[in-house]
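**Student:** Okay, here's what each chain looks like letter by letter:
2 protein chains.
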Amino acid sequence: MEIIRIDDPADSRVTPFLSIRERDIVGRQGRFIAEGKVVLNVLLNSSRFRAESILVLENRLAGLSEIVENAPVKPPVYVASREVMDRIAGFPIHRGVLAIGEKGPALDAADIFDGLADQALIVVAVGIANHDNLGAIFRNAAAFGADAVLIDPTCCDPLYRKAIRVSVGAALKVPFATVPNPTSLAADLMARGFDTFALSPRGRTDIRHIKTSGRVALYLGTEGEGLPDALLARMQTVRINMAKNFDSLNVAAASAIALHHFASTESEPQHWPEYMDRTLAS
Amino acid sequence: MEIIRIDDPADSRVTPFLSIRERDIVGRQGRFIAEGKVVLNVLLNSSRFRAESILVLENRLAGLSEIVENAPVKPPVYVASREVMDRIAGFPIHRGVLAIGEKGPALDAADIFDGLADQALIVVAVGIANHDNLGAIFRNAAAFGADAVLIDPTCCDPLYRKAIRVSVGAALKVPFATVPNPTSLAADLMARGFDTFALSPRGRTDIRHIKTSGRVALYLGTEGEGLPDALLARMQTVRINMAKNFDSLNVAAASAIALHHFASTESEPQHWPEYMDRTLAS
Chain A
1 MEIIRIDDPA DSRVTPFLSI RERDIVGRQG RFIAEGKVVL NVLLNSSRFR AESILVLENR
61 LAGLSEIVEN APVKPPVYVA SREVMDRIAG FPIHRGVLAI GEKGPALDAA DIFDGLADQA
121 LIVVAVGIAN HDNLGAIFRN AAAFGADAVL IDPTCCDPLY RKAIRVSVGA ALKVPFATVP
181 NPTSLAADLM ARGFDTFALS PRGRTDIRHI KTSGRVALYL GTEGEGLPDA LLARMQTVRI
241 NMAKNFDSLN VAAASAIALH HFASTESEPQ HWPEYMDRTL AS
Chain B
1 MEIIRIDDPA DSRVTPFLSI RERDIVGRQG RFIAEGKVVL NVLLNSSRFR AESILVLENR
61 LAGLSEIVEN APVKPPVYVA SREVMDRIAG FPIHRGVLAI GEKGPALDAA DIFDGLADQA
121 LIVVAVGIAN HDNLGAIFRN AAAFGADAVL IDPTCCDPLY RKAIRVSVGA ALKVPFATVP
181 NPTSLAADLM ARGFDTFALS PRGRTDIRHI KTSGRVALYL GTEGEGLPDA LLARMQTVRI
241 NMAKNFDSLN VAAASAIALH HFASTESEPQ HWPEYMDRTL AS
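Protein chains in written order, with the numbering used here: chain A, 1 to 282; chain B, 1 to 282.
Simulated from the structure, these hints should not be mistaken for lab results.
This structure is a prediction, so every number in the text was calculated from the model and none was measured.
Possibly wrong hints are sitting among the right ones.
[To be verified] Computed footprint of chain A on chain B, listed as stretches where at least three residues anywhere in the stretch have a Cβ under 8 Å from a Cβ of chain A:
1) 143-152
2) 165-174
3) 241-247
Note that CB positions come from ideal geometry on N, CA and C, so glycine has one too.
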């Protein structure tokens, strides 16, 4: 593990970590920011993405050495005092762990499809422009073993800093690709043997009554507009029953319920995940 | 409807709206802030809480007049330009709708219990210190018709500004009370005929295999620590099965799945809620 002490916030080696919030807005030219130990661990073990460098608070270094040492490729680790790290980032980095990741080439949806088994679960996100919601959808997709997330061009970037953080790294783990037209995609999915379901408060069938096996695609739209009518007309529509006087459910919560329903996860009681970062907890 | 034009940010009538973020921290002495039209509507129709005054952007007034006119009690409506409103609040109020609510006396858990029917669903939140998570739990509780939320003293305040906003007003709608000791509460709940379930990744039973009727209490703990062992030992423990390599679920998402499972909501396909505030959507 290559450890490099940084004492000057203007050191060119940490340029990619400069002024993080400002760069969130203007973009990072093919790079993204991973925050926290849990997300760093996902990044270091990703087959798709590569960690370019790591910047950590001096008192967090010991706790990270194991995951860096175990990584297939070990990026340089820059270590700084709190004062220097905060001056680099431009605001207090409580978690004390940052990494620069390389986006690499985008995945093609067709390649994702070609790699799917006969039993598969994919999410198609349409118009999810809120990073919290998209990040949470990825987290739920990973938790329930979804094979991929497809996003339409009006979704936000799953590799935006906050989306990655909220996903607890799932945005780096679950394969995703942008599809130009989610409506025409539906026909393609059906040709590939998918049962396609659109989740909507107007859905015809209570999701609890849906039984599936094989390949399932779950379409999710925004809370406000919902999925376009042209899309709803092409597939089975399912709803989550709610109380009549408060029929308001966040799209991420709805995705959790629907993915849990469609998931084939059957597991024994689990121990608390050891990698769970306390700073992420409530 | 009493409409009062405010041109001076120092006008004493809008003092409760001054420096909102700073007041979030120091507290509001028995008051809370409601943001946005949806939440205002819940507040205006609350039997528990009372709106003391409303502050709106001049261009939002027309869209609010109906809900204010229909309210059982009509608080004064202060109207301001964007510049004046932002100077009062101390930051840009995009949504343009604020109200001051009065907390009134706290509810007593015993009074809540005495009002419950033979079929009831309550949530017991333990150690939920994150306002997003507690707000989302309230939203899910309302969506699935839960009768009450009980919180232990280590939970955050459901009437904190962000918790109310994330709950989309559910924190003003679902009765809640603080219970001093959630572990001893369990015995009380059982004596009152509740089946009590603790949601935990270590839960013995897959929640999908649980059938209930009558009174159900669902205990939720933090993502990091989980529910205390002493508590888990006293009740049935249930788990949500997840993928083996990413067993990480946000507590709010877990609450959505569990409440959906326990809810008795049976509804027809719904139209999109008319009151859904676009600004809340993804």
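**Student:** Is the listed coverage of the stretch 241-247 of chain B by chain A valid when you require three or more residues with a beta carbon under 8 Å from a beta carbon of that chain?
**Tutor:** Coverage by chain A holds for the stretch 241-247 of chain B (6 residues, Cβ < 8 Å).
**Student:** Using a Cβ cutoff of 8 Å, are there at least 3 residues of the stretch 143-152 of chain B near chain A, or does the coverage claim fail?
**Tutor:** holds (count 3)
**Student:** Examine the stretch 165-174 of chain B for residues whose CB is less than 8 Å from any CB of chain A, and state whether their number is three or more.
**Tutor:** holds (count 3)
Checked against the numbered hints given earlier, the structure satisfies every one of them.
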